[in-house]
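Going down the list, the protein sequences come from chains L and X.
Residue numbering for the first sequence follows my numbering, beginning at 35 and increasing consecutively.
Residue numbering for the second sequence follows my numbering, beginning at 17 and increasing consecutively.
A couple of the hints might just be wrong.
Said to hold, decoys possible - Simulated pairs of lysine-lysine, BS3-like, Cα-Cα distance not exceeding 25 Å: (1) Lys225(L) x Lys156(X); (2) Lys225(L) x Lys213(L); (3) Lys140(X) x Lys204(X); (4) Lys85(X) x Lys225(L); (5) Lys140(X) x Lys156(X); (6) Lys140(X) x Lys205(X); (7) Lys156(X) x Lys321(L); (8) Lys284(L) x Lys115(L).
Claimed, not checked - Take a look, some chain X residues computed to stay more than 12 Å from chain L by CB distance: (9) Arg21; (10) Asn80; (11) Asp143.
Claimed, not checked - Output of the computed footprint for chain X on chain L, the stretches with three or more beta carbons under 8 Å from beta carbons of chain X: (12) 217-229; (13) 242-251.
The set of hints was computed from the structure by calculation and includes no laboratory data.
From a predicted model like this one, the values you see are computed outputs, not experimental measurements.
Glycine included, C-beta positions come from ideal geometry on N, C-alpha and C.
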Amino acid sequence: MVDVAFGPEQGQRPDLSNNREAYLDLVRRKRMYGGILLVIFIALMASGWSLAEDRNAGGFLEGLHQIFDFPAEVFAEAWQKLDLLPGIFIAHIPALIETLNIAAVATLLGAIAAVSLSLLATRGLARWPRLIPVFRRTMDALRAVPEIVIALVLIYILGGGPVPAVIAIALHTGGALGKLFSEVAENADLKPVEGLASVGANWSQRMWLGVIPQVAPNWLSYALLRFEINVRASAILGFVGEGGIGHDLKIAMQWGQGRYDEVVAIFLLLFLTIVVIDQVSDHYRHKLVKGSQA
Amino acid sequence: MLEVRSVTRMFGQKAAVDNVSFSVDSPAFVGIIGRSGAGKSTFLRLMNRLIDASAGEILVDGRNVLALKGGEARAWQAQCAMVFQQFNLVPRMDVASNVLHGILNRRSTMQAMFSLWSRADILKALDILDRLGIAEQAPKRAEALSGGQQQRVAIARALMQDPRIILADEPIASLDPMNAQIVMDALKKINVEDGRMVIANLHTLDTARRYCDRVIGMRDGRIVFDGTPDQLSTGVAREIYRADDSFNEDATSTSIPTDTRADRSFADVMLS
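One chain only, chain X, in its complex shape (with noise of 0.2 Å):
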């Protein structure tokens, strides 16, 4: 389904993302966690043609949808979906606006820019809203939503793009430890009830146990780590954050702790 092939991002002399390579066959969740400046964020935006890869494939059913350009890159954009850390709403629009952004590129420029979507189009709209619990807020700007709300928003938009595939840069890193449940419960149920295929940047390594199917660390561009939940272990972590023996992974753990398997494997670590 995914195939990433030694993916090469340069900034000057510096390889942000350095030779990346790994495949996802099924529509899996996949964490990808690391130190901030590991090159998470830019191998997401190249995924999205944000910016340009340096080197290597990424094919998506075979076709490398790093070779696309113009309307056609657009074309991939609309079916790759993208939640950011900031949200990146357009903050005076309202709610259902935002979330209709999300089909812009299968609609005519006009109607966009002059708002005339049809009726089912913002009924579609409107039952996503519905489906994450923030209907009532459709006719709000989205400026004066809180940061969860606004999140929410932002996967509505992507879900109204009806992707295959969703990138999640930190979606939940500047949320607070209740909504960033949320989040990523719905980010999770998408993935599970609707088989798209969820890539998400995380910062928490507790978020990562218990959420993803899969976690690839990475460290200087490079992947480091890639594998199951469970083998993501203390020391694991330790050498993909480059951290020495005083490192605390719950000294600054934002999620609010649950009895999860993720968290009994944790203790039984610190046990043994």
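Chain L with its partners taken away, still in its complex shape (with noise of 0.2 Å):
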């Protein structure tokens, strides 16, 4: 029998001498590759190590021991006020559900943007592929941008509120998702694409009934876990006069001492708050998932 299954020329077999010292070849670089990573690794390590030195003036050392000082204080005086701490968690719910829902919205305004522009970003489901880069590039500067500062210059054009924040976070979030998204639209399965391409579908179509009952479930995770991270950011904008427990937290520590059962009452709310979305997420995650191996 003729073997016809290497190459175009029948009964032609591969060299396999050749084979060999190539495949040894192939380990000896992959080799000499981790070697040189390391040597980087360790360059960086010790570089990075020395500046903080230099910068430091010999105080980061002396400093060490103190770095629990503040976290003791603020514990020891919450602990002699434990029968205060409920009617504190509270007085402070309003405040928490005004950070909650700044979050969310934002995160639902982000997360919308971030389908579209993942799907015109990604390779093989773009709607126009020659403006990739440019999508790719207005996610990029849309993550650059930390949330803090765009709500920093919109506080002077719009003034304090939630509605600064929502745009600030919900910008941020749009480029994050949509790098995300992106990512794991990649992995798509394009056949189900292609059948639809195959009856004459418009791009619309195919994103909808091609490559999203495919992806839902891993981009609700990722927006699942987006909101707990704007939760967190929602309640740092408080402290530049977005309003909500950013700013309660805020007055609370620049009381200082006399109001630090307060503090602790805020970051354990906070704490809570992020425990209960992740289970909620958890949990309706699972289900999407299951529900499709059904």
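Fit chain to chain and form the complex, with the hints in mind.
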């Protein structure tokens, strides 16, 4: 029998002795790259350490033992006023709801923007393949600017309150989620999309019916993770005048001793909120993934 | 009805489809055979406009479908259904919805996105599934079906398009012999009863002999054989597959052997 499995020429088998050398070569090259990476890593660590030492003027080691002084002070005071904590919790609930609201609306708006941006920026799916770099750079730009910078600019223009916070967080979310969504979409199976293309479906139909059903569980899970992050971001923006629980936290911290019970209460509230979001998102994500396998 | 004129598709310096010309006047069952990489799939994709041709024309009733753009090209795709080797259904959607995708081009985007199909459309989809013997699968997810059933869903989607031509790209290459026969019988029935032209890329010679009215052999992107199944002798097949005397077409045949005209003629060849 002629073996036609190897290449176009009949009966020609690959030269095995050459192959062996080629593979050993490949192994050598891989090891060399690994070694170079290790050297670069060590060099970066060393230069980072010396830079920190220079700039710190020796304060780093001297201050090290004081690092737990502040938390200890805070917790000691909170422990003494433990009975007051439930009352403080309740007092801060409205502010917490405002913070959550800002985060939720911003996540929703950001996610909607991310869906379009990611599909337009994914190879193999993009509506206009030549514009992929444009949409990618747009997402990079949105991601590069921290929420707090956008918020500070917007406060000058729009004044304080939740609206600048929502816009600032939504813009950042659009860039961050867009990148993640696009990576998920890149791994989507293109066969259904091709099947839809063959019946004459337009781009939106192909995306909605061919891609979204595949990527929905992963997209949802990323969006919920982003919601968690945005709760924190929304709290931080409270520090610069956007209201919500961050504003309360800032006042309590500035007051200092005497109000530390409040600081602890607010941190606990934020922590519990994140835990609840995590549990709820886990539940629904599992449901979505399991549902798809039924 | 269909006239293919000097169609060429280049991938870099290599011509995947090289100056292909042929015409089909009646709604025939045309089989295209050839080795992997001979340009069969590329040709069907060109016809359906999934990819663009580098040169040439495909005239359907005098209109060059390769020159159509945007919405017009999509309208042509709706008339020229495609059945894929891997079925290319939406796995997470139910079978009936997958069949209804066949009319995406003729309904509004919103209607399709939110599955707002009319009662008449849904009934038509169910009728087609019934015709293919899988009506009871309608509410199941496509991914829950066996390969043979999924391919029948894909054929149902094609029928929902009410197409003039059905292109089948290796429709039975990933099916077992029993399912392969069911799928080929279904395509043949559609061809004979509905008068729709079928152009199918096929891997096995006996399938080509048994089902086709006409067989086109491709090698390196070019047509090297064009004739009736009777003319497709083992010698001709050797030419198409560029095999030598040790080529034994039975060695890898996956079809169920039956006493058909084609098999008898093959036996005659072997005896002579």
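Checked hints:
1. Lys225(L) x Lys156(X): Holds. Lys225(L) to Lys156(X) sits at ~19 Å (cutoff 25 Å).
2. Lys225(L) x Lys213(L): Given that 25 Å is the threshold and the Cα spacing comes to 23 Å, the pair holds.
3. Lys140(X) x Lys204(X): Satisfied, since the Cα-Cα distance of roughly 21 Å is no more than 25 Å.
4. Lys85(X) x Lys225(L): holds, 23 Å
5. Lys140(X) x Lys156(X): holds, 17 Å
6. Lys140(X) x Lys205(X): Since the Cα atoms of Lys140(X) and Lys205(X) sit roughly 18 Å apart, the hinted pair holds (cutoff 25 Å).
7. Lys156(X) x Lys321(L): holds, 18 Å
8. Lys284(L) x Lys115(L): holds, 20 Å
9. Arg21: The claim stands: Arg21(X) keeps its Cβ more than 12 Å from every Cβ of chain L (closest is about 23 Å).
10. Asn80: Answer for Asn80(X): holds, closest chain L Cβ roughly 17 Å.
11. Asp143: holds, 18 Å
12. 217-229: With 5 residues close enough to chain X, the hint holds.
13. 242-251: holds (count 5)
Hint compliance for this structure: no hint is broken.
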